[in-house]
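J.: The chain contents come next:
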Amino acid sequence: MSSVPISQWPSEYKYSAPVAGDTEMVNVTIDGVEVQAPRGELLIKVAQDYGTYIPRFCYHERMKPVGMCRMCLVEVEGMRGLQISCATPVVEGMVVTTQSPDVKEAQDGVLEFLLINHPLDCPVCDRGGECPLQDQTLAFGPGESRFVEEKRHFEKPIPISDLVLLDRERCIQCGRCTRFAAEVAGDPLIDFGGRGSSTEVITYPGAPFSSYFSGNVVQICPVGALTARSYRFKARPWDLSAVETSCQSCSVGCRGVLDSASNRLVRFLGVDSEPVNHGWLCDKGRYGYEWVHAKDRLNIPLVARGGGLVPESWPQALELATSVIRDVFDKHGAKAIGVLGGAQGTNEDAYAWARLAKGVIGTDNVDAQLGDGLPAEVVIGMERATIADLDSARAIVLLGPDLKEELPVLYLRVRRAAVDLGVPLVDIGASNTGLTPYAQAVLRHLPGDPEAVTEKLAAALAGQPTRPDELRPLLEAIDKRALIQKEGPVVVVLGRSSVAEAADATVRAAAILAQAGISAKFLSALPTANVHGALDLGLAPGFLPGRVTLAAGRDELAKTWARVPEEQGLGAAKILANAAGGEIKLLVLLNCDPIADFPDGQLAKDALKNVEHVISLNSFTNESMRHADVVFPITVWGEQRGSISNIEGRVARLGRKITPDGSTMEPWRIATELAARLGHEMDLESFTEVQDEIAQVAPAFVGVDSKLISWARDGAVLPVADHAAEITLALSSLDQNKRSAGVSWEPIPTSGEDTPGNGAVPPAVISPPRPAQALYSWAKQAPERTAALADSYSLRLVASRTLYGNDLITTQSPSLARLATVTAQLRVNERERDRLGVADGEVVRVISSRSSIELPLVVDPSVPERVALVAINRDAPGASDLVDINESVTDLRIETLSKPVIKES
Amino acid sequence: MGFTDEDRVRARAIIDRYPHAKSAMLPLLLLAQDRDGWVTPEAMEEIAVWLGTTPALVLGTCSFYTMLKREPVGDLVVSVCTNIACLVNRGPELLDGLRSRYEGDTAIMVEEVECIAACDRAPAIQINYEYYGPVDTTAAVDIIEQYRSGALQARTISGSSRGAK
Amino acid sequence: MAIEETRIVTKFLRDRPQDSWEYAVAREHNQAYSALEAALKRDPNELIEEVKTSGLRGRGGAGFSTGQKWSFLPAGVFPRYLAINADEGEPSTFKDHMLIEGDPHQLIEGTIISAFAIGAHHAFIYIRGEFALGTERLEAAVAEAYKNGYLGKDILGSGFDLELIVHQGAGCYIAGDETGLLSSLEGERAMPRIKPPFPAVQGLFAAPTVVNNVETISNIPHIVRKGGEWYASMGVNKSTGTRIFSVSGMVERPGNYEIELGMSFRDLIEGLAGGVRGGRPMQFFIPGGASAPWLLPEHLDEPLDMDRASELRTMLGSGSIMAFDDTVDPLLVSWRLARFFAHESCGKCTPCREGSSWIEKVLYRMTNGLGRPDDLDLLLDFGSNIVPGLNAPFAQTTICALGPSTMSHVVSLDRCFGAEIRARLQKDFDKRRSLEVTPA
Ligand SMILES: Cc1cc2nc3c(=O)[nH]c(=O)nc-3n(C[C@H](O)[C@H](O)[C@H](O)COP(=O)(O)O)c2cc1C
Ligand code: SF4
Ligand code: FES
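As they're listed, the protein sequences go chains A, B and C. All residue numbers for the first sequence refer to the working numbering, where the first residue is 1 and numbers rise by one. All residue numbers for the second sequence refer to the working numbering, where the first residue is 1 and numbers rise by one. All residue numbers for the third sequence refer to the working numbering, where the first residue is 1 and numbers rise by one.
Derived by calculation from the structure, the hints in this document are not laboratory data. Don't be surprised by glycine CBs; every beta carbon is placed ideally from N, CA and C. There's no promise every hint is true.
In silico lysine-lysine, DSBU-like type, Cα no more than 30 Å apart, as pairs [to be verified]: (1) A:480 with B:22; (2) B:22 with C:153; (3) C:153 with A:151; (4) B:22 with C:238; (5) C:41 with C:153; (6) A:335 with A:151; (7) A:151 with C:41; (8) B:69 with A:156.
So these bits of chain A aren't anywhere near chain B, every CB distance computed over 12 Å [unchecked claim]: (9) 138; (10) 193; (11) 262; (12) 840; (13) 888.
Work out the full structure, taking the sequences as your base and the hints as a guide.
T.: Written out as structure tokens, the structure is:
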């Protein structure tokens with residue numbers, strides 16, 4: 001084991017994807033040691049699980065074996081010649097030798113062959129120092145080259161996309177990148193071209209590898225053939241220091257390793273976490289760390305003075321904020337204070353602010369969702385599924401956003417379930433999404449009107465004998481799958497497909513499925529980074545930390561908190577309306593920008609114009625804080641330790657890699673500072689103390705104390721009593737060198753400040769306590785349908801997000817900024833365009849009951865008739881000008897500005 | 001020139017023969033080559049759409065096969081075998097002779113090929129995949145010129161007599 | 001006893017009137033499709049047994065028992081496919097070429113019977129792209145077969161359906177490997193695939209698939225007509241029946257000869273093909289296509305028996321025999337073969353992709369007087385990382401058998417001419433060195 005090159009240790013995580021779908025265990029002897037493994041598991045994997053590392057290049061745990069590189073040859077008794085362990089399934093009684101002279105010679109041979117055409121430019125290669133080829137050559141390779149001929153030559157790095165460069169001379173043709181693109185991402189935009197020794201990786205001219213997942217190929221390339229533009233020549237591996245953390249680009253919370261050099265974040269790599277991300281990241285998550293270093297970052301408090309915002313010291317700024325709060329409270333009471341946001345921070349931030357708002361000030365007008373989510377009682381109280389449940393689901397129902405755009409790595413997981421594991425997929429929605437091509441049933445409906453199709457689906461899934469035509473392929477697929485896989489739940493991926501319609505319709509559809517008697521479980525698809533943590537920790541009207549209502553949690557919480565609000569407060573829409581109307585006097589903006597983010601832009605603008613006071617916590621300036629009394633600059637991802645909760649309610653730790661520039665503060669600490677100044681010591685000194693208090697007072701978090709959070713490798717899903725068996729405790733004492741293994745290969749957890757020290761005792765999760773009180777459970781009731789939908793307009797609006805828009809991560813990260821479209825377009829299909837008689841790209845007037853704006857019209861064949869799509873995450877004028885939050889749908893009328901074009905035939 | 005509507009009808013029929021559309025890749029690439037004399041980017045893009053795949057995969061596949069030309073090669077492809085049976089029967093001489101005779105002639109491409117399964121007639125050549133052998137340079141030139149003048153009817157450069165230009 | 005051919009699959013195409021291959025002629029003169037008529041009345045399993053009894057072994061190269069291959073298909077798994085390997089790319093082999101152009105109906109009849117026996121409703125004939133006339137003939141013959149009710153739905157009222165598709169390749173040798181063929185037939189780069197899964201279990205479109213060579217399948221109608229016993233009564237040992245050998249190189253009468261297995265190389269080369277041209281002495285011959293290790297004149301009296309060939313550490317491979325006289329430079333032949341394999345390596349696996357082009361480079365300098373004294377040993381040394389043991393039948397570190405083929409001729413150089421070549425390399429080297437030290 002000691003002779004194994006360090007870069008070769010891949011993830012220690014168990015690979016549980018069924019290779020042979022077999023549960024029978026067989027006995028295999030590897031180098032004289034008898035081990036047990038599931039029949040059909042690949043030999044290379046079995047050996048690795050038992051500590052024998054067989055070198056490899058082409059094999060990757062998350063992709064099908066192809067046996068190309070021939071590095072993994074071993075001897076198997078009774079089989080002629082050497083066998084590739086990456087494609088040899090184990091059978092009972094197999095006897096394997098991985099280190100005989102013949103094996104060694106074959107490995108030497110393969111390395112010698114690989115090196116004859118390799119440029120050996122390690123000193124200038126990004127991979128140098130953490131390169132599997134380099135390491136294996138040292139560990140397994142021949143001493144010298146006997147190849148004296150000219151090597152293969154190619155033009156040095158050529159871009160294959162905006163983010164990734166290809167150096168074909170370094171390529172060893174392992175096919176990992178091409179297989180990733182086709183097999184995992186479903187974006188086969190790279191392939192091999194040519195043949196024999198002139199085989200090269202190609203893109204089609206003019207069609208770059210512009211996949212949302214392109215960065216993964218850089219990570220899995222076993223040499224330096226694929227490099228990331230953002231990281232090129234930034235650092236050498238031995239200069240890096242790293243920490244394991246969760247991505248905060250969206251709410252999937254992919255596990256990754258964050259690297260820094262000289263207090264700058266330089267790289268983020270995926271960690272192979274079985275229950276979460278399988279090692280993959282989307283490009284936004286991977287390259288989005290750049291925004292942390294944006295030059296416009298706020299790094300000093302600002303206060304309003306002389307008609308503008310000017311720098312101020314922390315004590316002064318805190319004093320000022322305190323006096324604003326006290327003033328409003330004294331004059332108008334707690335209800336005149338509203339707190340918006342908090343879905344972007346850590347769990348500790350959310351808890352401290354919930355405690356400040358509800359437990360100190362006493363207002364329940366608190367909402368982390370900005371009108372773009374689902375009612376808190378649904379998200380908090382629904383029967384929840386985990387990501388892993390997708391793999392064994394009876395069927396997956398998509399009732400929400402385009403996962404490819406909003407939760408990209410969840411898209412990969414669903415796609416894998418559908419394509420590789422054969423899980424039947426149902427796509428309910430108003431327009432096509434990235435997963436539509438993989439669905440067995442596509443149920444289209446007009447925006448805001450999903451009930452009819454959902455009812456039909458629910459009836460069919462519940463076993464209604466008649467099989468509607470459009471559901472026949474689905475039901476057949478379910479029947480077929482039932483033969484191999486015992487029944488799993490129907491997993492409903494639930495979220496908002498459009499903010500131009502009220503959430504009620506989606507809730508009604510969810511209720512139909514929840515009540516259908518099909519053992520439906522729900523996986524949230526609300527995309528904002530830590531919205532689930534915020535909701536679980538009380539940043540929602542009517543709820544207290546730990547998934548309990550005000551009423552249910554009052555007595556318990558009152559032991560720690562000064563007070564608990566008497567009655568349920570307002571949600572974001574009402575808070576803004578009351579702010580606009582003058583009843584709310586102070587808005588606290590927790591790292592949010594309602595003017596940009598709230599679907600009804602006009603309402604947000606009115607609110608912020610009319611409200612008397614604003615206190616804002618943010619890392620950048622924005623329009624919503626223009627009239628703020630105080631602006632606090634906050635510490636962000638990468639600079640702050642803590643935890644988050646992902647879509648499953650999985651609490652996972654966040655690592656800190658750099659110290660922030662300037663003078664920023666963690667939001668939870670700002671809350672404790674303000675509380676103290678308001679006369680209420682919270683007595684929370686460190687993030688672990690916050691975590692421990694959460695575990696103590698928040699029922700759903702029972703057992704999830706600071707110790708468990710730091711030990712649970714993949715985090716812990718709430719409530720732990722139900723998920724204890726899934727928790728893996730890891731003493732990640734891997735040293736810095738071993739960590740770098742992960743970097744070039746399949747990243748592994750790091751040692752670092754977030755890893756428990758040696759000798760620490762693991763927390764007891766074997767039989768964790770149940771929460772003392774029942775957690776809130778959704779009544780599966782939905783609001784009644786209001787009046788019939790108006791229909792005088794020609795098109796109905798769908799306002800959804802795309803991956804790259806006008807969000808901060810995208811616009812403030814140079815690598816991503818160039819990929820974004822920040823201006824809005826009206827997307828309709830060809831037929832609608834022809835009906836209007838305009839040309840592609842022509843500007844039209846778009847009129848809703850709210851307002852009228854001008855947008856260029858673009859043809860998009862994936863949009864159905866009678867529907868118009870306008871992305872919501874675009875700069876104004878855009879969708880948020882059109883939406884009226886009080887309407888159930890947004891109907892549009894289009895006017896042409898010029899004379900209609902007569903199309904020549 | 002690109003695919004004609006007639007080609008598209010044919011393409012549809014070809015695709016329909018197979019249990020899975022992608023199998024039609026080679027026949028369609030050959031069809032494209034018959035039409036344009038080489039596989040144009042436009043053809044690859046259209047084929048990608050037909051087969052529900054990406055142009056990158058079409059190009060990747062196309063670049064694997066030697067009969068598929070990704071740039072114009074003229075009207076006649078003269079394939080001269082120099083593999084061992086022809087090697088020992090003056091194949092290389094024939095190749096040199098033809099190469100120097102047609103150097104710079106854009107209408108005629110002389111290419112060296114691997115064994116074309118006509119070893120009993122070594123040295124053997126194909127002219128747009130029509131066999132001749134054994135031939136020497138003089139005889140080969142004579143035949144090529146007959147094709148050029150139209151005295152002999154050539155196949156397409158993918159060997160089809162159907163859609164000959 | 002006169003040395004003569006035993007014509008079974010070549011009978012019609014040799015005897016047919018005026019080169020005609022069409023249905024009417026084949027039906028009249030060769031009872032075309034009469035075996036099919038009989039076969040459709042029999043139980044498919046019985047047909048498989050009949051083929052097993054015949055001892056027929058694959059004529060594509062590997063020589064695997066055809067009946068056995070058919071019986072490997074997992075029971076109850078459908079659809080299944082039959083793919084006929086008509087890619088004939090092995091240098092010096094040209095028998096399938098003749099069978100396709102000369103007697104397409106025999107092949108089609110064999111294909112239909114085989115598909116019926118294994119329960120396939122889709123069959124493909126993957127024909128080498130360069131076979132323009134062959135493709136045309138085959139397509140025309142298939143159209144005739146459809147027209148006469150031998151293909152399509154409910155063939156001859158038997159209830160059996162079969163679609164037969166002629167699929168034209170586009171120029172690459174590796175599509176001849178059975179898994180490369182399947183990749184190509186799926187519209188991809190013709191890259192071979194790792195086994196397991198074997199094609200019989202997961203082949204075309206991941207369904208059970210049988211791949212057989214043209215000549216193999218052309219034998220089927222005859223076996224059905226006259227019985228497996230009859231076929232097995234011909235030949236020698238486990239090499240039953242007849243085989244077509246493509247004889248070429250430097251012989252008087254190059255061509256295809258169908259002979260009963262067991263005949264000696266000498267009778268075939270000297271008796272039928274007229275011996276080395278101009279009466280020159282033979283230097284060496286290649287007994288089974290470019291991939292087969294070479295033999296020397298001393299082996300001429302050995303029988304054409306697949307198993308005997310293995311004992312001689314070579315193979316009958318694709319059934320081609322190429323003879324070289326004493327004027328030929330064996331290094332030149334070896335280099336040309338190396339170039340062939342380097343050109344045709346698909347590039348999928350490391351030892352073949354990198355090794356084949358390295359071999360070619362070293363042989364080039366050896367052939368052209370630029371070699372080093374230990375170049376042959378260098379080749380053998382790194383070549384043993386492609387073919388561990390360097391001993392036919394070859395083991396391999398590669399995915400497919402093209403890998404070891406890249407070394408076959410090098411091994412032959414060493415075996416047949418090792419001493420001479422080493423001496424020559426030393427001489428070339430000394431000569432170069434003496435030139436170098438000579439002042440200008
Ligand atoms: C590189 C390579 C090329 C081959 N080329 C051919 C070929 O052109 N024709 C053929 O019939 N078999 C060829 N084979 C053999 C096939 O893989 C396969 O064994 C054969 O088609 C099976 O048919 P059979 O059992 O009837 O011989 C080739 C094998 C290899 C490894
Ligand atoms: S041995 Fe050669 S031809 Fe065969 S798969 Fe490997 S690279 Fe391709
Ligand atoms: S890892 Fe097994 S062949 Fe590449």
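J.: If a hint holds in the structure, say so; if it does not, say that too.
T.: Against the structure, the hints:
1. Our distance criterion of 30 Å between C-alpha atoms is met by residue 480 of chain A and residue 22 of chain B, whose separation comes to about 25 Å.
2. Proposed proximity of residue 22 of chain B and residue 153 of chain C is supported: the alpha carbons are some 24 Å apart, at most 30 Å.
3. With a CA separation close to 56 Å, the supplied pair residue 153 of chain C and residue 151 of chain A exceeds the 30 Å bound.
4. As the CA atoms of residue 22 of chain B and residue 238 of chain C are separated by approximately 41 Å, the hinted pair breaks the 30 Å bound.
5. A hinted pair counts as satisfied when its Cα atoms are at most 30 Å apart, and residue 41 of chain C with residue 153 of chain C qualifies at roughly 16 Å.
6. At roughly 75 Å between alpha-carbon atoms, residue 335 of chain A and residue 151 of chain A are farther apart than 30 Å, so this suggested pair is violated.
7. As the CA atoms of residue 151 of chain A and residue 41 of chain C are separated by approximately 62 Å, the hinted pair breaks the 30 Å bound.
8. For the hint pairing residue 69 of chain B with residue 156 of chain A, the CA-to-CA distance comes to about 26 Å; that is within 30 Å, so the pair holds.
9. Residue 138 of chain A, annotated as away from the interface, keeps every beta carbon of chain B farther than 12 Å; the closest lies near 34 Å.
10. Not every CB of chain B is more than 12 Å from the CB of residue 193 of chain A (nearest about 4 Å), against its label as outside the interface.
11. For residue 262 of chain A, the shortest C-beta to C-beta distance to chain B comes to about 39 Å, beyond the 12 Å cut-off, and the non-interface label holds.
12. Every C-beta of chain B lies more than 12 Å from that of residue 840 of chain A, the closest at about 19 Å, which supports listing it as non-interface.
13. The beta carbon of residue 888 of chain A sits about 38 Å from the closest Cβ of chain B, which is more than 12 Å, so the claim that it is off the interface holds.
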